[in-house]
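J.: Make a model of the complete structure from these sequences and hints.
Protein chains: 2
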Amino acid sequence: MRYKINILLAFICIQLVVAVLFWYLSANTDLFPSKFAPLVTVNTKQTVFKEIICNINGDYNVSCRKQADEVFVPFKFLHKYFEVYGKIYEKQGKEVFNWSHSYANVFVPQQKYVPQGTFTHFQSYKVEERERVKCVSATHGVPMSTQWDPKGYFYPTQIAQYGLSHYSKHLIEPAPVKYVLEDGDIHANWLVPHVDAEVKYVRDIEINSSVMCFSSVLGNPVTLHSNITLPILSLNLQLKPDNASRFTVTLENVLEKRTYRVHFICNENYIWANAQDVYYGILCPKNSKKWIKLSRDIFIDVQKGIMLQTHSKSKTQRSVFRVESIELTGEGCVDNLTSMSSDHMTHFQFAVDWFVNNQDPSGGWPNPVQRKMAGSLVLKAGWYSAMGQGHGLSVLARAYHFSKRKLYLDVAEKALEPFQKLSKDHGVLAKYMHELPWYEEYPTIPPTFVLNGFIYSLIGLYDLYKLAPADISHEAYTLYSQGLNSLKKMLMLFDTGSGTTYDLRHVTLGIAPRIARWDYHATHVNQLYLLSTFEKDPIFATTAKRWQGYMSGKRASHN
Amino acid sequence: MRYKINILLAFICIQLVVAVLFWYLSANTDLFPSKFAPLVTVNTKQTVFKEIICNINGDYNVSCRKQADEVFVPFKFLHKYFEVYGKIYEKQGKEVFNWSHSYANVFVPQQKYVPQGTFTHFQSYKVEERERVKCVSATHGVPMSTQWDPKGYFYPTQIAQYGLSHYSKHLIEPAPVKYVLEDGDIHANWLVPHVDAEVKYVRDIEINSSVMCFSSVLGNPVTLHSNITLPILSLNLQLKPDNASRFTVTLENVLEKRTYRVHFICNENYIWANAQDVYYGILCPKNSKKWIKLSRDIFIDVQKGIMLQTHSKSKTQRSVFRVESIELTGEGCVDNLTSMSSDHMTHFQFAVDWFVNNQDPSGGWPNPVQRKMAGSLVLKAGWYSAMGQGHGLSVLARAYHFSKRKLYLDVAEKALEPFQKLSKDHGVLAKYMHELPWYEEYPTIPPTFVLNGFIYSLIGLYDLYKLAPADISHEAYTLYSQGLNSLKKMLMLFDTGSGTTYDLRHVTLGIAPRIARWDYHATHVNQLYLLSTFEKDPIFATTAKRWQGYMSGKRASHN
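From first to last, the protein sequence lines are chains E and Y. Here the working numbering runs 3 ahead of the position in the first sequence, where the first position is 1. Here the working numbering runs 3 ahead of the position in the second sequence, where the first position is 1.
In case anyone wonders, no lab produced these hints; they're calculated from the structure. Remember, it's a predicted structure, so these values are computed and weren't measured experimentally. Heads up, a few of these hints could be off.
Straight-line alpha carbon distances no greater than 16 Å define the calculated EDC-like cross-link-like pairs of lysine to aspartate or glutamate that follow [what the hints assert, rightly or not]: (1) E:Lys97 to Y:Asp152; (2) Y:Lys53 to E:Glu73; (3) E:Lys69 to E:Glu54; (4) E:Lys491 to E:Glu538; (5) E:Lys417 to E:Glu327; (6) Y:Lys293 to Y:Asp207; (7) Y:Lys296 to Y:Asp186; (8) E:Lys492 to E:Glu538; (9) Y:Lys557 to E:Glu209; (10) Y:Lys292 to Y:Asp207; (11) E:Lys69 to Y:Glu438; (12) E:Lys292 to E:Asp363; (13) E:Lys53 to Y:Glu73; (14) Y:Lys83 to E:Glu73; (15) E:Lys69 to Y:Glu54; (16) Y:Lys557 to E:Glu86; (17) E:Lys83 to Y:Glu73; (18) E:Lys94 to Y:Asp186; (19) Y:Lys69 to E:Glu98; (20) Y:Lys375 to Y:Asp152; (21) Y:Lys69 to E:Glu54; (22) E:Lys492 to Y:Glu438.
T.: Have a look at this one:
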């Protein structure tokens, strides 16, 4: 028994000695000051791991590691120095470090591009969800941008992308799920307050349809309880232009058990909010017997209202919302009130209508905000963008193809005019070295030759050339083919051997080049692949492939 | 006593257990297969070092290391992937890893460039030592290139660089050390064989100098023993144009105790060798009374002879050679035989004379070999190079400044002609986008717009403009200033945001850009800094500084 106690005592003693020894070693092996925790290694064969200082270009030091003859460099430094990306993933129970040269994706087209089909890969775009979209206007049904003015404005390029993404989604996605809630024939279960309220069904002769009309007072609306989880609420609405009358959707954030109300009301402001009340203004027609078409992603509508107040970049997930009820206040009528999973062609049509209604006498869709550019270049409010014009053509050519309405052709033809005028004459045309025509996304003087905007403008011209009848087609073709010729001759000006430049500002302003960040670079690659599906010249496929290689670290060779 | 033994036993026992435990851990912590020796680590706090696989862009795996949250990447991979450079150095007893983004150096000029001064930083060039130099021709005293033809040929650009480097060294270096060995007045201690040999001193009336003449038979030469360590042997030589007559220098490789003989002999071949005998052919004048001037770096001469036979890239160090003796065989005369540390102005004069004697009726110095270029571009033998023409101007302008000989001006003026003719008309002029004149180092069709060659041609034009009298100066100025204007407008076309391209072949041929390797990039930077010392436009200094930054990993920003 005493032996055992002695052995136990000895054991504890040795444990202590070993512990002290380790502590001593750990405190003294760290020869260089380091941000890292002290490192203890055991030398077996030649496998000592130790710190070694990496002196970077004689400028500063980084704490590296050395094992045998190999030096190991911390990724944190590489990430900053080379802008490469990396993350540890779990793979079959083991950790693997995934090194990425770029963060963007390329869409290699599987078939020939057709102008009546999806617009490039815009089926994956969700324009209205973007942070730069303040809201979707209730009156026009199109997004409003805050990119260059926080007040919000109509940005033709963005509106076109909204339209084209919905057109493309329409072609790709299955038919939407729809529930008609109220159309004058199918009646919803409206709760009508006992005092000063009424619901009646009437025949609107003009539209030859039964509709539901209501009257109620503020605080005591006509109410329809529901449990809607589909995002789109679509309806035709007549609303009395007063402060009381409104179409209201009450939603619950089921996670936070918090209730929000989205109101549609006659007002010239587009969106405002007050705590849990979000307001969308409608420019109601003076003739209050005219119908307004609404097709709202109601979850986005509430989200934009919340963001208006929080100014936070972290959005509330839309999936946490449920529509609890729909309320009708004041005086108005409702028809075709429908809950839908999507309503892409309506949203496309909103964009088409915007382009028809907002073209100016010179054929342009003006950008109503000033834009400051590289150096001291400024585009004064009212500038046209070749990209906006081209996207507009892509919208209108598809609208014409779909509807055969000549109006869309007329608007599209008119939209060619700015392509024929130099930037100094309020057009979008620049000439590289006084020779090669280029359609300017930002028609500054001197020009900047933005690549992706130019190619989008060419695609717009191509769409019209392919879908329009002879006369207009020929006009579009001329602009397209002279632009394509410039593109072929100038494409390599954007090639840095390890990426692309966004534009040629360095050439025209004599300053540093603006490197395209990876998502713009990927756009360049996507655009070239797209052109390669219908243009014979191998330059597009060859260049796209090389540029795609840059995204995984390949580089042009040096001499 | 028994207690103590028990404690000792317990101690040993625990030691064993700990050892077994370590062995077990070391055999089991290495989860991934690795090229590296197994790694044993002790976990104190969170400092375990372990292997982690780095998956590179989904393409392949690299064995990395992980400590706490940081991943460490092996430099061997980084070196290949990014082409960065690194080496371990000892600094104050500690190892430091020096990371270099580039391997080239920039020379920031300390004062304004003056055309009569050193040519850029060519004082540091050693043209004749280059591998591409087959030898220095004994007849012309200028280097012969093997760049595009292993037989060797006269490459105007290289000859000019040889001349300009010696001119620049002359301005920078202290006066050479000289020993006159034999000049007809000072007599060397020649050993004259007893049979069929003679040395006599005679008066050459034409040159008004005493000279030493010799006759001897093969195998029994007139000999001067020496122990010369200075590199240059300079002399005036008359040699009978037969196979026997020769001027021979016998050298010893003192490390290898091996003897070499360098023979100068009348022959139309430039250089040939046979074991330890190296031969330089002289195109002896038909009138054997005419003097030939030789000024040889005799250590380079023997080195080139050795390399001719070994074809090895590792040269014998020149410092291991000593001149043991000088032998005179056959019939001839010698004057001003001198051992010197350098003879730069003679070597410059050889280049000047070559440019005077080898200009063709169109004013060009033709490159006598075919040059295959990017894609399927070919320059047929006889092409002019704007760089060769411009360098020629830099040589001749300095020769004129130094001597005031009108001949040099006449040749320089004539050399302007190819600058005024398009490449297709056997000139060196290209026009970028049909507009901006550019002088082509390689005047292909379509043009390639090599940057460094163009700027060197501008410097040549500038040198002549600054050093020539009014008429010729004006002509040179016109060409210079229109070229400079193009340079300003096109400079940024070469800027990749992280380096420069060597040329614009990617633009004219629609292929991948050719990135300038770091020494060419450094040349671009040096050239811009040089221009910035006398041209007002800030674009040169600004761009030079940015481009210099690229050499330590700085990059242009992206959007």
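J.: Are the Cα positions of Lys293 (chain Y) and Asp207 (chain Y) separated by 16 Å at most?
T.: Roughly 11 Å between the alpha carbons, so the hint for Lys293 (chain Y) and Asp207 (chain Y) holds.
J.: For Lys53 (chain Y) and Glu73 (chain E), compute the direct alpha-carbon distance and say whether it is at most 16 Å.
T.: Roughly 15 Å separates the two Cα atoms, so the pair holds.
J.: Are Lys94 (chain E) and Asp186 (chain Y) close enough, with their CA atoms no more than 16 Å apart?
T.: Cα-Cα ~85 Å, so violated.
J.: Hey, Lys69 (chain E) versus Glu54 (chain E), does the alpha-carbon distance stay inside 16 Å?
T.: Holds, at roughly 6 Å.
J.: Holds or violated: Lys492 (chain E) with Glu438 (chain Y), Cα cutoff 16 Å?
T.: Holds - the C-alpha atoms of Glu438 (chain Y) and Lys492 (chain E) are around 15 Å apart, at most 16 Å.
J.: Holds or violated: are the alpha carbons of Lys292 (chain E) and Asp363 (chain E) at most 16 Å from each other?
T.: Violated, at roughly 29 Å.
J.: Regarding the pair Lys69 (chain Y) and Glu98 (chain E), is the alpha-carbon distance no greater than 16 Å?
T.: holds, 10 Å
J.: So if I understand the rule, the pair passes when the alpha-carbon distance is 16 Å or less; does Lys69 (chain E) with Glu54 (chain Y) pass?
T.: Answer holds: Lys69 (chain E) to Glu54 (chain Y) is near 13 Å, not above 16 Å.
J.: Could you grab the alpha-carbon distance between Lys53 (chain E) and Glu73 (chain Y) and see if it respects the 16 Å cut-off?
T.: holds, 15 Å
J.: Can the restraint linking Lys97 (chain E) and Asp152 (chain Y) be considered satisfied, given a maximum Cα separation of 16 Å?
T.: With a Cα-Cα distance of about 57 Å, the restraint between Lys97 (chain E) and Asp152 (chain Y) is violated, given a limit of 16 Å.
J.: With the threshold set at 16 Å, check whether the alpha-carbon distance from Lys83 (chain Y) to Glu73 (chain E) stays at or below it.
T.: holds, 14 Å
J.: Would the hint linking Lys491 (chain E) and Glu538 (chain E) be met if the CA-CA limit is 16 Å?
T.: Roughly 11 Å separates the two Cα atoms, so the pair holds.
In the structure shown, a violation is registered for the earlier hints numbered 1, 5, 9, 11, 12, 18, in ascending order.
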